[in-house]
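Start from chain A and add chain B according to the hints.
The listed protein sequences derive, respectively, from chains A and B. Residues in the first sequence are numbered consecutively from 5, following the working numbering. Residues in the second sequence are numbered consecutively from 5, following the working numbering.
Please note: incorrect hints may appear among the correct ones.
List time: in silico DSS-like cross-link candidates among lysine-lysine, alpha-carbon distance up to 27 Å [to be verified]:
no. : chain 1 : residue 1 : chain 2 : residue 2
1   : B       : Lys38     : B       : Lys341
2   : B       : Lys57     : B       : Lys103
3   : A       : Lys287    : B       : Lys88
4   : B       : Lys96     : A       : Lys293
5   : A       : Lys293    : B       : Lys257
Keep in mind the hints are simulated off the structure, nothing from the lab.
Protein chains: 2
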Amino acid sequence: MASAPKANAVVGQSGGPTGVINASLAGVITEVCKHPEIENLYGSMHAVQGIIKEDFVDLKDLSISVLEGMAHCPSAALGSSRDKPDEEYCAKIFEVFKKRNIRYFFYIGGNDSANTAHIVNVMAAEVGYEMRAFHIPKTIDNDLLVTDHCPGYGTAAKFVACAAMGDDLDNRALPGVKIDVVMGRNAGFLAAATVLGRQRDDDGPHLIYFPERNVPVEKFLSDVEAVYRNLGRCVIAVSEGICDGDGVPWAKKLAEQGETDAHGNIQLSGTGALADFLAGQVKNELGVKRVRADTFGYLQRSFVGFQSDVDVSEARNCGREAVRLSMNEQSGSVALKRVGEGKDYAIELICTELRNVAEKTKCMPDEYINAEGNGVTDAFVEYARPLAGGLPKTYFLGNYPRV
Amino acid sequence: MASAPKANAVVGQSGGPTGVINASLAGVITEVCKHPEIENLYGSMHAVQGIIKEDFVDLKDLSISVLEGMAHCPSAALGSSRDKPDEEYCAKIFEVFKKRNIRYFFYIGGNDSANTAHIVNVMAAEVGYEMRAFHIPKTIDNDLLVTDHCPGYGTAAKFVACAAMGDDLDNRALPGVKIDVVMGRNAGFLAAATVLGRQRDDDGPHLIYFPERNVPVEKFLSDVEAVYRNLGRCVIAVSEGICDGDGVPWAKKLAEQGETDAHGNIQLSGTGALADFLAGQVKNELGVKRVRADTFGYLQRSFVGFQSDVDVSEARNCGREAVRLSMNEQSGSVALKRVGEGKDYAIELICTELRNVAEKTKCMPDEYINAEGNGVTDAFVEYARPLAGGLPKTYFLGNYPRV
Chain A
5 MASAPKANAV VGQSGGPTGV INASLAGVIT EVCKHPEIEN LYGSMHAVQG
55 IIKEDFVDLK DLSISVLEGM AHCPSAALGS SRDKPDEEYC AKIFEVFKKR
105 NIRYFFYIGG NDSANTAHIV NVMAAEVGYE MRAFHIPKTI DNDLLVTDHC
155 PGYGTAAKFV ACAAMGDDLD NRALPGVKID VVMGRNAGFL AAATVLGRQR
205 DDDGPHLIYF PERNVPVEKF LSDVEAVYRN LGRCVIAVSE GICDGDGVPW
255 AKKLAEQGET DAHGNIQLSG TGALADFLAG QVKNELGVKR VRADTFGYLQ
305 RSFVGFQSDV DVSEARNCGR EAVRLSMNEQ SGSVALKRVG EGKDYAIELI
355 CTELRNVAEK TKCMPDEYIN AEGNGVTDAF VEYARPLAGG LPKTYFLGNY
405 PRV
Chain B
5 MASAPKANAV VGQSGGPTGV INASLAGVIT EVCKHPEIEN LYGSMHAVQG
55 IIKEDFVDLK DLSISVLEGM AHCPSAALGS SRDKPDEEYC AKIFEVFKKR
105 NIRYFFYIGG NDSANTAHIV NVMAAEVGYE MRAFHIPKTI DNDLLVTDHC
155 PGYGTAAKFV ACAAMGDDLD NRALPGVKID VVMGRNAGFL AAATVLGRQR
205 DDDGPHLIYF PERNVPVEKF LSDVEAVYRN LGRCVIAVSE GICDGDGVPW
255 AKKLAEQGET DAHGNIQLSG TGALADFLAG QVKNELGVKR VRADTFGYLQ
305 RSFVGFQSDV DVSEARNCGR EAVRLSMNEQ SGSVALKRVG EGKDYAIELI
355 CTELRNVAEK TKCMPDEYIN AEGNGVTDAF VEYARPLAGG LPKTYFLGNY
405 PRV
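Next comes chain A alone, as it looks inside the complex (with noise of 0.2 Å):
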């Protein structure tokens, strides 16, 4: 293996942002300045496209403030694209490299940017120029292969948990049926961490619906009759990407017209048809009166000043791994390995192939979902826990003796 080239580095992020996506960046930041071989660091304005633009920007002026600020701050500080380059994208990318001196590539984003930067890569090696290619995970899904969870996730989960406990508690104030639909694309991971705040047994969302389980109308009712008739109230949490019976997404059923992005996504958040559809169900089949549905929505990945802690240490970190990674080896993604559970939460940081975590996605495993379909398991809350931190406890005066 060559020596690690003198020359200039790009770095960008792309896809849906986060609420650590951010501080990745300046892990990547940090570490480069440390690295005498990276001359200039790059920041791409809008991933892919601010390279073929040549829209960069100087990121090792950033004051230490700004860094420091920067990575509590969710969303792409340098702008987002869901671009996904054929070969004459590549070409002025390679353009652009050649005539900047680039020759290391650092790409945060998710599955779709994993196969960004091996393309890239493979290029890169076709057209005989040398270069580095990193990517570095992050996605509020929690659905790429290899990592045992992605940064993102689990500022995401603790957002969902702390909405779902705050949804629980409004719905034991003025009871009825409330209906929560939670990002996550084909995954359930997200949708599954709204159990995370659960004190008390009759604690909500007392159903959660996953991707990875086909839900058929019949089926969702007769569940939240069920809860219904038992407690007096019902709290359900929905992935947005659930499935009817036949395994065609319902979201994909009640859109009208199949908006998709440049990677075949279709639109699955930023629109209420899906909690809507739900709740119209609940009401006119089961004749529940107070019936509420709200589409958690952006503030998922999004909310400013509501991090997991673990997250941003974690995703800060894959950003300084992925440098360090550059200066021994040619390209990877970079991987949180587990090894340590419970209290003792550890994780290792290690390095896969890009092949191995593009354009592939990863679902809920079986031993996290309850045979019903309907919830998930203690291995699932294990898994977790460590991930979105701790969180308030809650109160609840209605199970208190009377007097």
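Using the frame of chain A, we list chain B on its own:
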């Protein structure tokens, strides 16, 4: 005026929960313990419902840790109700009051709750039952008369400000049109609070719509088009109660079935219909490709772990004050009077007659709304900023120099 009777007290929480209604309850509890005139303090489960069912918790028996934890936990620890007592209902209340020697009634809630306290107070006088009735204000809508602002508003304002800050960052990262529907019923205070986190000239929300100004679709679309043409993106906050050009609420027009509660309020929250309607308009009429719409929903009043410190402290003091007042007055509603502005922000607690608050609502004053009817004035920011408390700084590198 007769001296304070030696008797028992009841406290209830009514209407929609807020982030600090439990702080007011904590204030009532601690203050009651200082006054030997009040022997037992009954917490009535689910507001007036708990009184007629004698569904009471002994609040003097709570541990300090529960009291302090509860004070920082959102929603109504005693449960709530939207029952509006009529004469028959009140007769039942008095039966229980007599049976239990209850002569102090503390009711935490909005204008409907002030009205309930008023009705009970008037009927007590009519039947010659010596008692004292006090209303403790709460509402995230901030729509009560007399008081400078309502406990509960500051915490909800902080939430929507942080939500809008994150949303604006997200919209910078992936530009398009983003519409956020905010609670507030017929008052625009909460929608207005989405501006409180603005830090850069081009920070969103770029447009805000209030129930106080009719919003014809054409006006809405031409505003959005102008911002989008100028910035290439647009973040919009819309109050759930906005009305069409003819003064009819859009939500009402959109609701197929106009579900109303006992107070005749139509359901504005817990549905994504308004947001989806507006998004459809922007998509179809303006041809903008990326349009997203979120309804912030119940998170605004019940999200866990995210209070405004000022709000918590004021809510608690209002609870305390109601008990203090009951030692010397017959009835009243606690109100906040602002006695210092800006950095010298300070309030004093005053007492107003129940009928001044009962059933009436306050709208945004004209001087808080800009001439175009699509944004706020500096006067509003000066008014609301101290209530939400300090907000985090946000970071986006798009305005940095290029290299």
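Hints, one by one, checked against the model:
no., hint, verdict
1, B:Lys38 / B:Lys341, "holds (25 Å)"
2, B:Lys57 / B:Lys103, "holds (12 Å)"
3, A:Lys287 / B:Lys88, "holds (24 Å)"
4, B:Lys96 / A:Lys293, "holds (25 Å)"
5, A:Lys293 / B:Lys257, "holds (20 Å)"
Checked against the numbered hints given earlier, this structure breaks none of them.
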